[in-house]
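Novice: Here are the chains, one letter per residue:
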Amino acid sequence: MATPYAKLPGWVDYGLIPLLNLVVAFAVAGLVVLLVGESPFRAAYLLLDGAFGYGEGIGFTLYYATTFIFTGLAVAVAFHCRLFNIGGEGQAYVGGIGVALVCLTFDNILPWYLTFVLATIGAAICGAAWAFIPAYFRATRGSHIVITTIMFNFIASSLMIYLLVEVLKPAGQMSPQTRTFAEGGQLPKLDWLLAIFGLDIGGAPFNFSFLLAIAASIFVWVLIWRTKLGYEIRTMGFSEKAARYAGINEVRIIVIAMLISGALAGMMALNPIMGEQARMQLDFVAGAGFVGIAVALMGRSHPAGIIPAAILFGMLYQGGAEISFEMPQISRDMIVIIQGLVILFAGALENMFRPALSRFFGARAMRTKPVRVGSAG
Amino acid sequence: MNELAIELRGINKSFGPVQANRDISLKVRKGTIHGIIGENGAGKSTLMSILYGFYQADSGEIVVDGKPVHIVDPNGAIAAGIGMVHQHFMLVDNFTVLENVMLGAEDSQILNKGIARAREELKRLERDYALEVDPDAVIEEIPVGLQQRVEILKALYRGADILILDEPTGVLTPPEADHLFRILEQLKTQGKTIIFITHKLREIMAITDEVSVMRQGEIVGTRHTSETSVEELASLMVGRRVLLQVEKDAATPGDVKLSVRNLTAKDSRGVTVVDDVSLDVRAGEIVGIAGVAGNGQSQLLETIAGIRTAVSGEVMLNGRPVDISGKADPGELRTRGLAHVPEDRHHMGLILEFEECESAILGYHGQKQYLNGSFLDAAAIRADAEEKIRKYDIRPANARLKTANFSGGNQQKIVLAREMEQDPDVLIIGQPTRGVDVGAIEFIHKRIIEMRDAGKAVLLVSVELDEIRALSDRILVMFAGRIVGERDGDAAEGELGLLMAGVEEKEAAE
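Residue numbers (our numbering), protein chains in the order written: chain A, 1138 to 1514; chain B, 50 to 559.
I should point out that these hints are in silico values taken from the structure, not numbers from a laboratory. Don't take each hint at face value.
[Said to hold, decoys possible] As a list, the in silico DSS-like pairs of lysine-lysine whose alpha-carbon atoms are at most 30 Å apart: (1) B:K451 x B:K440; (2) B:K417 x A:K1378; (3) A:K1365 x B:K417; (4) A:K1378 x B:K315; (5) B:K237 x B:K249; (6) A:K1378 x A:K1365; (7) B:K440 x A:K1378; (8) A:K1365 x B:K451.
[Unchecked claim] Computed list of chain B residues with no C-beta within reach of chain A, every gap over 12 Å: (9) K116; (10) D122; (11) N124; (12) Q136; (13) D258; (14) E259; (15) H273; (16) T277; (17) V320; (18) A342; (19) S361.
[Claimed, not checked] Now the in silico label distances, taken between C-beta atoms and shown as ranges: (20) B:R58 x A:W1362: 47 to 57 Å; (21) A:L1153 x B:N421: 32 to 42 Å; (22) A:N1386 x B:D316: 18 to 28 Å; (23) A:W1358 x B:T384: 23 to 33 Å; (24) A:I1351 x B:N421: 21 to 31 Å; (25) A:R1219 x B:D316: 21 to 31 Å.
Don't be surprised by glycine CBs; every beta carbon is placed ideally from N, CA and C.
Using the sequences and the hints given, assemble the complete structure.
Specialist: Take a look at the structure:
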């Protein structure tokens, strides 16, 4: 009774189920569009065309995807240790402090690539530090990580308001944001990458941090499946008893897993701050920490699944903006509803079709293969 | 008096490859207290869950009051007049007694009428069965003994004529248990039939009219309580499993490798589970710890292995002390030559979700031969796993297969291979053949003897007395957390059975 559902073939588990969830999500979203009085097919066309139809659209889609890869990986790493890190939002937000401070200090002195390295370290340290306190309390006192990380999201939000209004805002300015960074604090766009495919990036902020996101994905894959630390994290995630038996230090592993998770979430801040705005603004995370949960769920906590899931959500963000522009009937809030439906079906109702599919494939396996009687011993 | 309240005919129930109930036939006479006794995992709870409709039997028939019934869910059981008092109460803590009793039997959407009726009925039940409880008391504010009474009232309120009590005394203090027994007597005189499940022999002798003994999913005997004895029941419970006798020469014990002095440990509730235990295990001998399950053997093993914290005492491994204060690192003990085959291989000994080769390094994953710096050396790990698969004949011979997909016997071989191939000085083994098929048992026993002959000190815990007798050079018997006797490996079964039943050492020696 280890798993509640029968084992499914890999392509069903990783391909068919997410696809099915997605189709249902879009079908329901289509009904919503129909209710508003617009054509769901035109909306779908606008969504896809806006996200993938032209260079600038693709640039925006990948810009959003970069953000979601970071937060998705953050949730996934904690997940492997059976920790539900809801605090990606706050960790990314605080990670912004690291980026901003580095940029404000060095943007006039260092070239962008050196600032970038320092800013990455700063983001990771700040994000990890924000995850440390909940992790420590969870490991030593058993405080529920969901509760503490949610609380830390609120604390982060207040902290950032204070910092941006009272400390980091240049004198004489009205809006709560830092000054604009000089060239040494701005990441170059990846226009050349899209140019390879003959696409023009236009004004899209698709930038260098995307490559860092891909590197982080590879890092997470190696970490979880190819290192001793990853082995211990997974052992801990599957069975605390077995971890104790194996001599794995529970406190250490929980704290480390959360630090890595927080660091990844923190690195998300590089994308909007250094990559797009060249300054830190209020609310720059904009819910990306929570989208990361859906991305990790949909991507089965595996980098190879997280990247496509992140691109999917990037598409919803970019294509959604396009729909609301083209169809005045559909407001920005309607787009949030559609995104919410995808999260609902791909995340929360992820297992909705699983029992039926298990039965279907279970029955099929019985018919096609003779039931193998357990071999001796 | 001879009318049957319940008759079970040929009940079978399997969970995957595990047969939890095998061809069970049971007759419970009306107006009696019928005990069902057996060790943990003997299939008692499964049988009662079938009777109460939680599970469906794979085959067999249930007859209630002479009529065959088909019970598909607890509602069906209630309709057939069967009520159950669960080991863990199914009460809503912040509801009153009255609200709990009528929960699920409210009769209508508006509660007023139902409440009045329930109050009336509750008064009658209290009068008839001396089950006094304040109907307006909130559950979380009344003691456990009273909560249990509410459970009984719930069953009676639903018109139960047959009451199943699953390990009812587990949560009770002795006076509360005595009171429960008086209530059960009262219920019996009023014509109710009671099925009383326990693993405590004393309770069976105190309260039941008849008793059925279960072992490994089967009923191995039914006796009139007045015509049986604690000793007979104990030997029925522990059983006489037919084992292929393992060839072994006399032991040639060497130095003391593992030494335990005055070890005391408590469980999470603060109950002493290991009580002042001292023992020595020498190189080249197998020391077996016999005892009915739940007498502290598991906890003793875990304390020695550094998994559980001890309150006091001393453990010496290879002449050097082991930290038993909870800071001991099982990983460090491994490097000091202690290998541990845990009782719970599903949650402790293996990670069922891991590939076989990953499970095969659990606890040793920090060793140099499996690592390249901080990275796992996948090729080395797989080669190592494949060698063990060959050597221990683990099937299917696929190191990439998920651990959960191996049978119980093969899973146990994965653990044994991992621990034995480390060439430890001391090997502690819990339940080496639990849930293991016969073919693998012989293999495992042979390997254990080979370890002894190679000069290892082996400490063996098993609830299978025959296994203990077949393998051990010395046998220690544990009862209620204490070691109550030591015998040679060829001690008579009856003598050990007496010790295991908690009969005093002096009497047993007579």
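Novice: Tell me the numbers of any earlier hints that the structure contravenes, in ascending order.
Specialist: No hint contradicted; all consistent.
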